[in-house]
Amino acid sequence: MILVNYFLTGAYTMEYGDASGTALLDIRSRKWSKRILEAIDPDRNLLEALPGLIEADACAGRVTKQAALLLGIPEGVFVSSGGGDNMMGAIGTGTVQDGTLTMSLGTSGTIYGASDKPMVDPHGLLAAFCSSTGSWLPLLCTMNCTVASEVTRNLFSKGVKDFDAIAMTAPIGSNGVVMLPYFNGERTPNYPRGKGCLMGLGLDTMTEANISRAAMESSIFGLKLGLKSFQDLGYAPKEIRLIGGGSKSLVWRQMVADICGLPVIIPKITEAAALGGALQALWSFRRSQGEQVEIREIVAEHVSLETSSACFPVAEQVAAYQAAYELYTSYVRVVEPLFS
Numbered sequence: 339m340i341l342v343n344y345f346l347t348g349a350y351t352m353e354y355g356d357a358s359g360t361a362l363l364d365i366r367s368r369k370w371s372k373r374i375l376e377a378i379d380p381d382r383n384l385l386e387a388l389p390g391l392i393e394a395d396a397c398a399g400r401v402t403k404q405a406a407l408l409l410g411i412p413e414g415v416f417v418s419s420g421g422g423d424n425m426m427g428a429i430g431t432g433t434v435q436d437g438t439l440t441m442s443l444g445t446s447g448t449i450y451g452a453s454d455k456p457m458v459d460p461h462g463l464l465a466a467f468c469s470s471t472g473s474w475l476p477l478l479c480t481m482n483c484t485v486a487s488e489v490t491r492n493l494f495s496k497g498v499k500d501f502d503a504i505a506m507t508a509p510i511g512s513n514g515v516v517m518l519p520y521f522n523g524e525r526t527p528n529y530p531r532g533k534g535c536l537m538g539l540g541l542d543t544m545t546e547a548n549i550s551r552a553a554m555e556s557s558i559f560g561l562k563l564g565l566k567s568f569q570d571l572g573y574a575p576k577e578i579r580l581i582g583g584g585s586k587s588l589v590w591r592q593m594v595a596d597i598c599g600l601p602v603i604i605p606k607i608t609e610a611a612a613l614g615g616a617l618q619a620l621w622s623f624r625r626s627q628g629e630q631v632e633i634r635e636i637v638a639e640h641v642s643l644e645t646s647s648a649c650f651p652v653a654e655q656v657a658a659y660q661a662a663y664e665l666y667t668s669y670v671r672v673v674e675p676l677f678s
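Under the numbering used here, think of the first position of the sequence shown as 339, with each following residue one higher.
Simulated from the structure, these hints should not be mistaken for lab results.
Just so you know, even glycine gets a beta-carbon here, dropped at the ideal spot from N, CA and C.
Hints are supplied without guarantee of correctness; some may be wrong.
[What the hints assert, rightly or not] Taking lysine-lysine pairs in the DSS-like style, the calculated list, with each CA pair at most 25 Å apart, reads:
id, residue 1, residue 2
1, 606, 455
2, 499, 606
3, 533, 576
4, 566, 576
[Unchecked claim] Pairwise CB distance ranges, derived in the manner of DEER restraints:
id, residue 1, residue 2, range
5, 384, 612, 31 to 37 Å
6, 437, 408, 42 to 48 Å
7, 345, 640, 46 to 52 Å
8, 629, 342, 21 to 27 Å
9, 361, 415, 29 to 35 Å
10, 407, 341, 15 to 21 Å
11, 507, 606, 29 to 35 Å
12, 576, 669, 26 to 32 Å
13, 415, 667, 46 to 52 Å
14, 342, 497, 18 to 24 Å
15, 341, 386, 32 to 38 Å
Produce the complete structure using the sequences and hints provided.
As structure tokens, then:
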């Protein structure tokens, strides 16, 4: 957002959520970390090169005459601070109150929650971000989520519905076949040399169904690592709000519910990041007009959940997935010397 806002307004600013993604921000004090900047380059004042920090509800500026002419929009239009995709997704799913949690199933996968206080994972799996609403947004991101099912589906030349149907003919745990979907390397766990792996193949288990289901399961197992980190830090979500391409599939939704052991619900407006950006802009504008409105009030007005498509964990399936997850994590540990 920093470059977009600079182009629109000529103002060099950044809100705390976006700034926390630079790894240069002290998320507790919400100031640029002089300690980190000096460690990077002790001989130069890098602080001078960084943008000014503003609150998430602040006006970033007004559209300049030059930008107005280039874009064909009126000069002086109000520009909100904006923010990153996950920060906006959190607003668009209503993940703005402590204890709420969103999972996004896309090419990469994310799981993030709203917190009223900084959350720092001592094991480093969760990124300690600020939110774009004035609080904090601890987050886990995997580099390989639905990419695992996509490359497998393309390998077998199947459409989405056919792929889902074939995968569901295999039992939970894919008869011991496990995929480690590190096709792009992986950041969580931190395996920069990672490659995709198939484990547990035998003469009787090397089938399209087992491999297809293993691809789907592995995507969610990777995100469950993040959920466990949340729970280990005392974060206790009551449900998962699911977005991204994978959320459109009933198969995926039920799999998430059973693997994570939590109800899964999707928002009525599935383009959550776009909605979140619009709501943050509305919040910022109304605050600029003197209204003491909170982001939670705006979210309550505009974000609703599709309760009719909710999926709930089934006890027997939760237990079966737990055994499969433990096998998956054992393989994750085995490949650490190769990929870390």
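Review point. What hint numbers does the structure not satisfy?
Key: Result: hints 1, 3, 7, 14 and 15 break, sorted rising.
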